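Visitor: Starting from the given sequences, assemble the full structure and let the hints guide the process.
So you can see what is in the structure, the chains are spelled out below.
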Amino acid sequence: MTIFWMRPPKHALFCDARPNLDLNHQSQGNALRLRPTSRRMRPYLPTACRPNNVQFAARSSIQQTARRTYAFQASGTPSFQVFNRRTKWLQKERSGANATQSREVGYLKDEMAKRVSERLLDIKRNFPRTLDLGANSCNIARALIGPNPDNDPENPSSTPLPPLASKISELVAADSSSTLLYRDADTLPDGEVGEGMKLTRQVLGDEETLPFEPQSFDLVLSSLSMHWINDLPGYLAQINNVLKPDCPFIGAMLGGDTLFELRTSLQLAEQERKGGISPHVSPLADVRDVGGLLQRVGFKMLTVDVEDLIVDYPDTFALMQDLQAMGESNAILGREMGAISRDVLLANEAIYRALHGNEDGTIPATFRIIHMIGWRESPDQPKPLPRGTGEINMKDFFEKK
Amino acid sequence: MHPKPTQVRPIQRMAQAVSKCSAEASLYGKCILADYNSVHKDMCAKEFLKLKDCYLAASKGGK
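Just so you know, the protein sequences line up as chains C and F, in that order. Mapping of the first sequence onto full-length UniProt numbering: position 126 corresponds to residue 126, and the numbering continues sequentially without gaps. Mapping of the second sequence onto full-length UniProt numbering: position 43 corresponds to residue 43, and the numbering continues sequentially without gaps.
Calculated directly from the structure, the hints in this document are not laboratory data. Just so it is clear, the structure is predicted and the values come from calculations on it, not from any experiment.
Simulated crosslink set (DSBU-like; lysine-lysine; CA at most 35 Å straight-line): (1) F:50 with F:20; (2) F:20 with C:274; (3) C:274 with F:52; (4) C:274 with F:30; (5) F:41 with C:274.
Guide: Shown next as structure tokens:
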């Protein structure tokens, strides 16, 4: 781009583009210095300052190739980037590559997959096409083909109910990390995996932009993967978009006070050792946020609830190793690069124990799981009555009682 | 690429060494907990150095 230096007309404020150079100014040393006396440098001239003929000439040659953008055209809602998606992808790939270790630490995700799929028992319906979004190592598929959670273990003689997989004809397991997704491909291959459920794996190039057709799924499940999504409102809106009308989304994500013990003790340790803190535990969505988000993107008949899973570890090193093996290490964009220094790790171990440690010498780690169910809007859905249509005054009702 | 199952990771060696210093660790932890709302740099430097000395001695003995 060429900048046209123009002779400034008298009293013109906006076209004062050329700095006036005071050549006579003598600085303290012997050297002659050029010093701009005017600080109003405007390298990007407003259109009014350009000579008209140049402007027309430029337009006719440029217009065909370059797209002109306008300052007043907003480029959509800006989304905050919190997590480094490439780092997260690498961590997941590494987790999947070390299969034995990553199976050992699958306890959290397997347990959550079970609890998410348990919620299907409440919906008396079959789901021809189901999406498992952020499938990790197909934990949900494994939970679905496992024994039905409604089977009574006290009464084994009663006819056992079929596994939940019988309600689903096709399960699409989608994740960004192919190594993690195909980790158990030898025992759980693509295709028919049991009870008439067909498993299809799909690797997502960009997990925040779903490549699926609108209204193409009868159910969307998501277990312990949404806490790494940068643009959660956009993600939920896309989920709503791929669902058919009157179809549910059942999700579970880590949120709120997850790993608050580690967060606080690492903060104290860094504060004392280094005199400042850097983020080591992700910022997480709270329960209130999730309810609001689901409502905002248009889900109906919401259910949001919380449960805490507390896992005891022998020491903080075991906790951090397990998190790493799960592929859940820190991936915040603004984090301090490189490993945590040994001094901080040492201080963290002592503070964690003193602040949160159990009496038997173990340390607890809290995982707060936010469960959510939302339904895609449909005209034949039950709806709340409009405001002011109630006929019984609640106050009278309770006072009479 | 990945450590073999028999190989001990440095972090595990560190965990073992730290586990031998529980007395010093709890002293340091108590020092921090005494005033954890206003922690500043080197607030418990003395206690930390004791803990670190113990850890260094333990990690040398372990090898």
